[in-house]
Structure formats: C-alpha cells, structure tokens
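Asker: Now for the letters of each chain:
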Amino acid sequence: MTTIPQTQDLPRPGGFPSIRYKRNLPKRGPSGVVLLTAVAAISAYGFYRVGLANEERRELKREKSWGRIHLVPLLQAELDRDTYRRTVAALKREAEIMKDVPGWKVGESVYHNTRYRMPTHIVVPEKDV
Amino acid sequence: MSAAPRNPSLSDVEFIDPTPMPDSIPKVDEIGATSAPLQSAAFFIGAYCKEYNEDFMLCKNENNDPAHCLKEGRKVTRCAIDLLRKLREHCDKEFEAHWTCLDLNNQEYHRCRAPERKFNACVMSALKLEKYIPDSPANKPQIHLKEKPLYY
Numbered sequence: 175m176t177t178i179p180q181t182q183d184l185p186r187p188g189g190f191p192s193i194r195y196k197r198n199l200p201k202r203g204p205s206g207v208v209l210l211t212a213v214a215a216i217s218a219y220g221f222y223r224v225g226l227a228n229e230e231r232r233e234l235k236r237e238k239s240w241g242r243i244h245l246v247p248l249l250q251a252e253l254d255r256d257t258y259r260r261t262v263a264a265l266k267r268e269a270e271i272m273k274d275v276p277g278w279k280v281g282e283s284v285y286h287n288t289r290y291r292m293p294t295h296i297v298v299p300e301k302d303v
Numbered sequence: 120m121s122a123a124p125r126n127p128s129l130s131d132v133e134f135i136d137p138t139p140m141p142d143s144i145p146k147v148d149e150i151g152a153t154s155a156p157l158q159s160a161a162f163f164i165g166a167y168c169k170e171y172n173e174d175f176m177l178c179k180n181e182n183n184d185p186a187h188c189l190k191e192g193r194k195v196t197r198c199a200i201d202l203l204r205k206l207r208e209h210c211d212k213e214f215e216a217h218w219t220c221l222d223l224n225n226q227e228y229h230r231c232r233a234p235e236r237k238f239n240a241c242v243m244s245a246l247k248l249e250k251y252i253p254d255s256p257a258n259k260p261q262i263h264l265k266e267k268p269l270y271y
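Chains as they are written, first to last, in the working numbering: chain A, 175 to 303; chain B, 120 to 271.
If you're looking for bench data, these hints aren't it; they were derived computationally from the structure.
Just to be clear, a hint being listed does not mean it is correct.
Claimed, not checked - Keeping only pairs whose Cα atoms sit at most 27 Å apart, straight-line, the calculated DSS-like set for lysine-lysine is:
no.	chain 1	residue 1	chain 2	residue 2
1	B	K212	A	K279
2	B	K179	A	K266
3	B	K205	B	K146
4	B	K205	A	K238
5	B	K267	A	K238
6	B	K146	A	K238
7	A	K238	B	K179
8	B	K212	B	K190
9	B	K194	A	K273
10	B	K169	B	K179
11	B	K179	B	K212
12	A	K235	B	K146
13	B	K169	B	K212
14	B	K237	A	K238
Said to hold, decoys possible - Distance ranges between label pairs, derived from CB positions:
no.	chain 1	residue 1	chain 2	residue 2	range
15	B	P260	A	G206	21 to 31 Å
16	B	A240	A	V284	53 to 63 Å
17	B	A186	A	R231	35 to 45 Å
18	B	E249	A	H286	18 to 28 Å
19	B	N258	A	A218	43 to 53 Å
20	A	K279	B	S143	14 to 24 Å
21	A	V207	B	A240	17 to 27 Å
22	B	Q261	A	H286	47 to 57 Å
23	B	F134	A	D274	20 to 30 Å
24	B	P139	A	S283	18 to 28 Å
25	A	P293	B	N180	12 to 22 Å
26	A	S217	B	Q261	26 to 36 Å
27	B	Y251	A	A214	36 to 46 Å
28	A	A218	B	E173	39 to 49 Å
Since we're looking at a predicted model, the values are computed, not measured.
Note that beta-carbon positions come from the ideal geometry of N, C-alpha and C, so glycine has one too.
Full structure from sequences and hints, please.
Answerer: Below, the structure is given as structure tokens:
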C-alpha cells in the first residue's frame, strides 16, 4: 500500500492577487461635507440679507407712519370744522321741528354728563327740502 | 316738515348739508391739496407747524368736541397753507416733481428718492427745514438718507 505524502494546502508561490471587492465607480463631485458646508454658507448669507431687508422695511414703515402722523392735525382740523358746521345746522333744524313741543331741550344729551360723543344718528330732511 | 332719524352709515339718501358756517366763526380757507402733495410736504408741515399741531392735538386730548378746538384748528390750517405757499414759491419745480412721482408710485416714499433728495435740498436751502423721522435708530443714517437701499 503506497502512502500519499501529506502536504499542506498552501497559496501558490508569490501569493494570490488581491480580490477586487470595491465597485469601480468614478469619483462624482465634491464630498458630502463640502456640499453641506456650502449650502449652510449660502443659506446664512441669505438670512443675513433677509435681516437687512427686514430692518430697512421697518424703517420705511416708520417713515410712512410719521408722514401720516404729521398730517393728522391738519386733516382733523378740517374735519372738525365741517362737523361743527353740520352740527349747528342739525341743531337749528331740530329746534325748528320741535318748536311746538313744550319743554324740549335742543341738542340735549341722553347721558348724564357733558362728555362729547359723536352723534350716532343724524336727522336728515326729506329730499325736496 | 317731517324727518326720520337715520343711521348715517345705513342711509342710502345722499345728503350734503348746504348750510354755511355760522358768521360767528372766523373764515379760513381749506387746504385744498390732494393726498400726494400733502404726503410730499408732510415732514415739512410737521417741522414748520410743530407748535400749532401740538397745541391742537393737546386741545383735542383735553376735549374731543369739534367746537372746542376750532381756534387751534384754524391756526393749524393757516400754517399749513402758509407752508405750501412758501414751498410753491421757492421749490415749485422740485415739489411738483416729487409729488407727481408719489402719485405715480402708489405714494411710496422709497420709490421716489431721487426727486425727494432734490426737493429736500431745496427746502433746506430756502426754508431751513429738514426732514427728520423721530424714533429711528440713532447709530444709522435715516432711511431717506441711506446710500444703497435694498428697496428702491
């Protein structure tokens, strides 16, 4: 009976070549970190500009408000004169209408104090008057 | 003669009261200017008529009755008329350019900076009035003087 000499299974001389396990893909564009930083930087600049614009809009609003505030006395004075003229005319009309009613006080307030209130109702003469 | 009390806001009857002002009240011309010239001149009215305006508003604060502040109101109107006359006298061209621009641009100040700058300079040299916006941040130029505005 012949015996086969036992031999250990060994790599071939010079060793095996390395196994290619990575996919062979070309490099595509900048890395994730670079992209993230770039997007963050662009957004930060954008928000900075938004802040500047908000500040400017606030000042424009202030300018507009003060432009109107300066005109309030003028417009109010004109309106007051007109209201006064119409009130006087209305009271005169009321006195004329109610002249036969004894004890009628023209323009008497329904409240028990003298504070001024805008009249809620006006007496309008009929159309042909 | 009959008359019905009507809520003025619900009334469908057009009613223009033709009764003139009682003779006991001194006559005063109304300002007669439309919104654009008034807005164009607003800051100068505020500066030129400061005392009259504040007096009037304090009076109104005292009593809201229209009859109470007629005298102060006349002063306010006369002062504004006086200022508008002076503006027309000294800076007619610049004034008109500015308010026409306001009229054509939805009455936004920021869209009429170029005519406004000329107008302000003219008023400054002729009447020594300066446009000043109160309560603006002190460390920055006022918005109408900003060199490179984002909105224009």
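Asker: Run every hint past the structure and note whether it holds.
Answerer: Structure-based check of each hint:
1. For a cut-off of 27 Å, the pair hint linking K212 of chain B to K279 of chain A is broken: about 56 Å separates their Cα positions.
2. Taking the CA atoms of K179 of chain B and K266 of chain A, the gap is near 25 Å; set against the 27 Å cutoff, the hint holds.
3. Annotation: proposed proximity of K205 of chain B to K146 of chain B holds, straight-line Cα distance about 21 Å (limit 27 Å).
4. Restraint check for K205 of chain B and K238 of chain A: the C-alpha separation of about 24 Å stays at or below 27 Å, so the hint holds.
5. Distance hint between K267 of chain B and K238 of chain A is fulfilled; the C-alpha atoms sit about 19 Å from each other, no more than 27 Å.
6. Proposed proximity of K146 of chain B and K238 of chain A is contradicted: the alpha carbons are some 32 Å apart, above 27 Å.
7. Distance check on the hinted pair: K238 of chain A and K179 of chain B sit about 23 Å apart at the alpha-carbon level, within 27 Å; holds.
8. Between K212 of chain B and K190 of chain B the alpha-carbon distance is near 33 Å, which puts this suggested pair outside the 27 Å criterion.
9. Pair hint K194 of chain B plus K273 of chain A does not hold up; C-alpha atoms about 37 Å apart against a cutoff of 27 Å.
10. With a C-alpha separation of about 15 Å, the suggested pairing of K169 of chain B with K179 of chain B holds against the 27 Å cut-off.
11. Using a Cα cut-off of 27 Å, the hinted pair K179 of chain B and K212 of chain B is violated, with the two alpha carbons roughly 36 Å apart.
12. Proximity of K235 of chain A to K146 of chain B is assessed by CA-CA distance (about 37 Å); at most 27 Å being required, the pair is judged violated.
13. For a cut-off of 27 Å, the pair hint linking K169 of chain B to K212 of chain B stands: about 25 Å separates their Cα positions.
14. This hinted pair checks out: K237 of chain B and K238 of chain A have alpha carbons roughly 19 Å apart, not beyond 27 Å.
15. Under the hint 21 to 31 Å, the C-beta atoms of P260 of chain B and G206 of chain A, about 44 Å apart, miss the expected range.
16. Look at A240 of chain B against V284 of chain A: about 57 Å separates their beta carbons, and that is inside 53 to 63 Å.
17. Checking the proposed 35 to 45 Å range against A186 of chain B and R231 of chain A shows it holds: the Cβ atoms sit about 42 Å from each other.
18. The supplied range of 18 to 28 Å is broken by E249 of chain B and H286 of chain A, whose beta-carbon atoms lie about 50 Å from each other.
19. Distance hint for N258 of chain B and A218 of chain A: a CB-CB separation of about 24 Å, inconsistent with the stated range 43 to 53 Å.
20. In this structure the supplied range 14 to 24 Å holds for K279 of chain A paired with S143 of chain B, their Cβ-Cβ distance being about 21 Å.
21. For the pair V207 of chain A and A240 of chain B, the supplied restraint of 17 to 27 Å is violated, since their beta-carbon distance comes to about 54 Å.
22. Judged by the Cβ atoms, the range 47 to 57 Å given for Q261 of chain B and H286 of chain A holds: they are separated by roughly 51 Å.
23. Between F134 of chain B and D274 of chain A the beta carbon distance is about 24 Å. The supplied range of 20 to 30 Å therefore holds.
24. Taking the beta carbon of each, P139 of chain B and S283 of chain A are about 26 Å apart, inside 18 to 28 Å as hinted.
25. In this structure the hint that P293 of chain A and N180 of chain B lie 12 to 22 Å apart at CB holds, the actual value being about 21 Å.
26. Look at S217 of chain A against Q261 of chain B: about 31 Å separates their beta carbons, and that is inside 26 to 36 Å.
27. Between Y251 of chain B and A214 of chain A the CB atoms are about 41 Å apart, so this pair conforms to the stated range of 36 to 46 Å.
28. The hinted range of 39 to 49 Å is satisfied by A218 of chain A and E173 of chain B, whose Cβ atoms lie roughly 46 Å apart.
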